[in-house]
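Undergrad: Read off the chains here:
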Amino acid sequence: MNLLSVSNLHVNFHTKERELAALIDVSFTLNRGERIAIVGESGAGKSVLGFSIVNLIGKPGYIESGSIKLENKELTKMNLRQLQEIRGKRIAMIFQDPMMTLNPVITIGDQLVETIRSHTKISYKDARNIAIEKLHHVQIASPERRFNQYPHELSGGMRQRVIIASVLLLNPDIIIADEPTTALDVTIQAEILQLLLAICRDNGVALVLISHDLGVVSKVAERTLVMYAGHIVEEGPTLEIINDPQHPYTQGLLNALPQMTLPGQRLNQIQGSMPSLAERPSGCAFHPRCPYATQKCREQQPRFIYSGVSSVACFLVEDMLNEFAEQDQEAN
Amino acid sequence: MATPLIQISGLEKAFSTNESWFSQWRFHQGKLKRHKDSVHALNGVNLTINQGETLCVVGETGCGKSTLARVIMGLTTPSAGEIHYLDQRIDQLNNRQRMFFRRRMQMVFQNPYASLNPRMTVYQTLSEPISFHNPQFSQAQVDEQIDELLESVGISASSSDRYPHEFSGGQRQRISLARALSVEPDFIVADEPLSALDVSVQAQVLNLMMDKQEERNLSYLFITHDLAVVEHFATRVAVMYLGRVCELAPTRTLFSAPKHPYTRALLSAIPRLDSNIAQPIRLIGEVPTPTEKPIGCVFQARCPYANQRCYEQSPAMVLQNDGSSVACHAIEEGRL
Ligand SMILES: Nc1ncnc2c1ncn2[C@@H]1O[C@H](COP(=O)(O)OP(=O)(O)OP(=O)(O)O)[C@@H](O)[C@H]1O
Ligand SMILES: Nc1ncnc2c1ncn2[C@@H]1O[C@H](COP(=O)(O)OP(=O)(O)O)[C@@H](O)[C@H]1O
Ligand code: SF4
Ligand code: SF4
Ligand SMILES: [Mg+2]
Ligand SMILES: [Mg+2]
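Listed in order, the protein sequences are those of chains B and W.
Under my numbering, think of the first position of the first sequence as 1, with each following residue one higher.
Under my numbering, think of the first position of the second sequence as 1, with each following residue one higher.
Some clues are possibly wrong.
Stated by the list, open to error - Pulled a few chain W residues facing chain B out of the computed Cβ check, cut under 7 Å: (1) Glu60; (2) Ser159; (3) Ser168; (4) Ser195; (5) Asp198; (6) Ser200; (7) Ala203; (8) His225; (9) His232.
Claimed, not checked - Which residues of chain B face chain W? A few of them, derived with a C-beta cut under 8 Å, are: (10) Asp185; (11) Val186; (12) Thr187; (13) Ala190; (14) Gly204; (15) Pro258; (16) Pro263; (17) Arg266; (18) Gln269; (19) Ile270.
Keep in mind that the hints were calculated from the coordinates and are not lab data.
For glycine and all other residues, C-beta sits at the position ideal for the given N, C-alpha and C.
Sequences and hints are given; from them, build the entire structure.
TA: Here you go:
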C-alpha cells in the first residue's frame with residue numbers, strides 16, 4: 001500500500017466574486033522512504049499543495065473535493081485533534097523561513113524539550129539529554145551552549161538545522177519541506193540538503209521537497225512532479241525528466257537555465273508569465289506561452305498519459321503517441 | 001586591451017553598532033573603558049572594473065558585497081581607501097560634485113517590489129530622471145525617449161500609465177533597468193537583481209542586460225550568489241570573504257581551475273543538473289561576523305590548510321601564471 005495517496009484533489013480560494021481554483025485534479029502517490037520533488041514557477045501552486053496535504057490550507061482556501069490518504073486514513077475527513085496528531089508525529093513540515101516554526105522568545109533547547117515532553121512522559125533532564133543529542137546529530141557545534149540560546153542568536157543555516165532536529169524528535173514517516181534552502185547561502189544550502197538527504201535515507205523517512213531550483217531537486221529526489229497553474233503537467237523519475245523532458249513547460253524551465261546555453265549567448269526564455277488564479281486560460285493553461293499550441297490546446301484540457309519516459313498532460317505528446325500506435329497497427 | 005573604468009584601492013568600511021555615547025562605556029578589569037562596537041564590512045578591497053566588462057562578485061551572506069556596491073555608488077562613505085572613475089577620485093565628493101557621476105553610474109536592486117515607487121506610474125518613474133539629466137529636452141523629446149526605452153526593455157509603451165503593482169516581478173525588474181538606462185550610464189551596479197525571480201524570468205532580465213551591454217559598451221558590477229549565472233555572464237569574477245577579495249580571475253579560469261581554498265569549497269557546493277553527487281567540500285563552521293578587524297587571513301577559522309603564518313599575517317593578492325590572482329599563503333608557499 002502507498003504511504004500517502006492524493007487523488008483528484010481540488011483546492012479553491014473563496015473570494016467575493018467567485019471561487020478561484022488553486023489546485024485542479026491533483027493526484028500522486030508517495031511510498032515509504034521515497035523522495036519526491038515538486039517544481040514549478042512561483043504561483044504554480046506548490047505551497048498550496050504542500051499545505052493541503054496536512055490539511056493546513058487556511059481560510060480563504062479550502063479543499064473542495066478529492067482524497068488524501070495516509071495509508072488507510074482519510075485526512076480530509078479528520079477533525080482538528082486527529083489532524084494535529086498526524087501533523088506532529090507522522091507528517092512534519094519544514095518551511096523556507098525557520099522563524100515560522102521557531103518561537104523567538106523561547107530558547108531553542110526549551111523548544112526541543114517541550115516537543116519531546118508533549119508526547120513522551122520523561123523528566124526535563126532526560127529530555128534535555130535527548131535534545132542535545134539531536135542537536136549533535138544535525139551537526140550543530142557545541143550543542144550544550146546552543147541549547148540555551150535564542151533563535152535570533154543563530155544564523156539562518158543553524159536555525160534550519162534546529163528545525164530538522166525538532167522534526168527528527170518526532171520520528172515522522174513523511175517530511176514536507178517547502179523551499180527549505182532557498183533563503184540560505186550556496187555553501188550552507190548544500191550542507192543542509194546533504195543533512196536532509198542523509199536523515200531521510202538513514203531513517204527511512206519519505207520526503208516531499210518543494211523547490212523552484214532544478215539543480216537542488218536533481219540531487220535529492222528520485223521522482224519529480226512539475227506543476228503549472230494548479231495542475232501537475234509532468235511526473236516521472238527525476239533523471240528522465242531532466243535529461244528528456246516531455247512537456248513543453250518542463251522543457252522551457254530547463255532550457256532557461258544559464259548552463260543550457262554557451263557562456264555569453266542569449267538565454268532561452270519562456271515568453272509570458274504564470275497566470276494568476278483569476279486569469280487561468282482555457283484548455284491547456286500553458287497554451288498562451290507554448291510554442292506548439294494548436295486550436296485544440298485552446299479549447300480542451302489534455303489528459304494525463306504515460307509517454308514511455310514520464311507521465312505528461314500535453315496534446316503534442318498524445319498526438320505523437322497516437323501516430324506511433326497507428327503506424328504500429330498498419331505495420332501489423 | 002582592457003581600459004579601466006573604475007579603480008578601487010584599499011577600500012575599508014566599518015559600521016559602528018553602538019552609536020550612542022553612553023553605550024560605549026564598559027567595565028573591563030575593574031576600570032571603566034570606552035569601547036566602540038563595530039562591524040568591519042570591508043577590509044581592504046582592491047578591484048578594477050574595465051570598460052565593457054561584467055565583473056561578478058560572489059561570496060556568502062555578510063561578506064560585504066552589498067556594502068561594496070553602496071560604497072562605490074556613493075550611498076555610504078568608506079572608512080579608508082580610494083575609488084576612481086577614469087582618472088577622477090569620486091569617494092570624497094559632495095552632493096553637487098557627485099551629480100555628474102550619478103548620471104554615469106546607476107544601480108539596480110534585488111527587490112523589484114521595493115525599488116520602484118508604488119505611487120508613481122511607469123511614465124512618471126522614467127520622465128523624472130530623463131528631464132532631470134537632460135534639462136534642455138522638450139516634453140515631446142522626453143516622451144519619445146520614454147517610449148523608446150520601454151520598447152527596448154520589452155514593455156509596451158502603451159502601458160506607461162500603469163503603476164508598478166500592475167506588473168509582474170520580471171516586468172518590474174525590467175522597468176528598474178529601464179530607469180537605470182534612462183540616464184545613459186557607462187556603469188551599472190546590480191545587487192542580486194535576479195534572486196527574487198523565477199528561472200524563466202531571470203532569463204528575460206539577463207538577456208536584456210546582455211543586449212544593452214553590447215549596444216552601449218556598458219560595464220557591470222554584478223552581485224549574485226548563483227554561480228551558473230556567473231559562469232554564463234561574467235567576464236571576470238571576484239570572490240569575496242569577510243570583507244576581502246580572496247580570488248580574482250577570468251571566468252573560465254575560475255571555474256576550470258579554482259585556487260583559493262574558499263573558492264574551491266564554494267564551487268564544489270553548486271547543485272548541478274546531474275545526479276553524480278560530487279561530495280561538496282565541507283566547510284567547518286559558518287561565516288563569522290567581523291566585529292574585530294581581522295588579523296591574518298580572513299578565512300583562517302574555516303580553512304583546512306591554515307598554519308601559524310595564516311593567523312599572523314594577511315596574505316596579499318599574487319598574480320598566477322593563468323591570469324588569476326589569489327590571496328593565500330598556502331598557495332604562495334606551494335603547500336597547495
Ligand atoms: N548599516 C549597517 N550597520 C551595521 N552593520 C552593517 C550595516 N550594513 C551592513 N552591515 C554588516 O556588514 C557586513 C557586510 O554586509 P553586506 O550587506 O555588505 O553583506 P552581503 O555580502 O551583501 O550579504 P548578502 O549576500 O546577505 O546580501 C555584515 O556583517 C552586515 O551585518
Ligand atoms: N490566501 C490566498 N488567497 C488567494 N490566493 C492565494 C492565497 N494563497 C495562495 N494563493 C494563490 O494560489 C496560487 C498558488 O500559490 P502558491 O502555492 O503559494 O505558489 P508556489 O508554487 O509559488 O508555492 C497563486 O496564484 C497564489 O496567488
Ligand atoms: S497541450 Fe498544447 S499548449 Fe499545452 S503544452 Fe501541450 S502543446 Fe502546449
Ligand atoms: S592564507 Fe592560510 S588560512 Fe588563508 S586560505 Fe590560505 S591557507 Fe587558508
Ligand atoms: Mg511557495
Ligand atoms: Mg547583499
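Undergrad: State for each hint whether it applies.
TA: Against the structure, the hints:
1. Checking Glu60/W against chain B: minimum C-beta separation of about 5 Å stays under 7 Å; hint holds.
2. Hint status for Ser159/W relative to chain B: violated, with the closest Cβ pair at about 14 Å, above 7 Å.
3. Checking Ser168/W against chain B: minimum C-beta separation of about 5 Å stays under 7 Å; hint holds.
4. Nearest Cβ of chain B to the Cβ of Ser195/W: about 9 Å, over the 7 Å cut. The hint is violated.
5. A cut of 7 Å between beta carbons decides the hint on Asp198/W: the least distance to chain B is about 4 Å, and the hint holds.
6. For Ser200/W, the shortest C-beta to C-beta distance to chain B is roughly 4 Å, which falls under 7 Å, so the interface hint holds.
7. Satisfaction of the interface hint for Ala203/W is found here, the shortest Cβ-Cβ separation to chain B being roughly 4 Å, below the 7 Å cut-off.
8. Against a cut-off of 7 Å between C-beta atoms, the interface hint on His225/W holds, since the closest Cβ of chain B lies about 6 Å away.
9. Nearest Cβ of chain B to the Cβ of His232/W: about 4 Å, under the 7 Å cut. The hint holds.
10. Checking Asp185/B against chain W: minimum C-beta separation of about 5 Å stays under 8 Å; hint holds.
11. Annotation: interface hint on Val186/B holds; nearest CB of chain W at approximately 5 Å, less than 8 Å.
12. Restraint check, Thr187/B versus chain W: the minimum CB separation of about 5 Å is within 8 Å; hint holds.
13. Because the beta carbon of Ala190/B sits about 4 Å from the nearest beta carbon in chain W, less than 8 Å, this interface hint is met.
14. A distance limit of 8 Å between C-beta atoms decides the matter here; for Gly204/B the minimum to chain W is near 20 Å, and the interface restraint is violated.
15. Below 8 Å, beta-carbon pairs count as interface contacts, and Pro258/B has one with chain W at about 4 Å; its hint therefore holds.
16. Proximity of Pro263/B to chain W holds as hinted, the smallest CB-CB distance being about 5 Å (cut-off 8 Å).
17. Look at Arg266/B: its Cβ gets to within about 5 Å of chain W, closer than 8 Å, so that hint holds up.
18. Hint status for Gln269/B: holds, given a least beta-carbon distance of 4 Å to chain W, under 8 Å.
19. This hint holds: Ile270/B has a C-beta 4 Å from the nearest C-beta of chain W, less than the 8 Å allowed.
Of the numbered hints stated above, those contradicted by the structure are hints 2, 4, 14, listed in ascending order.
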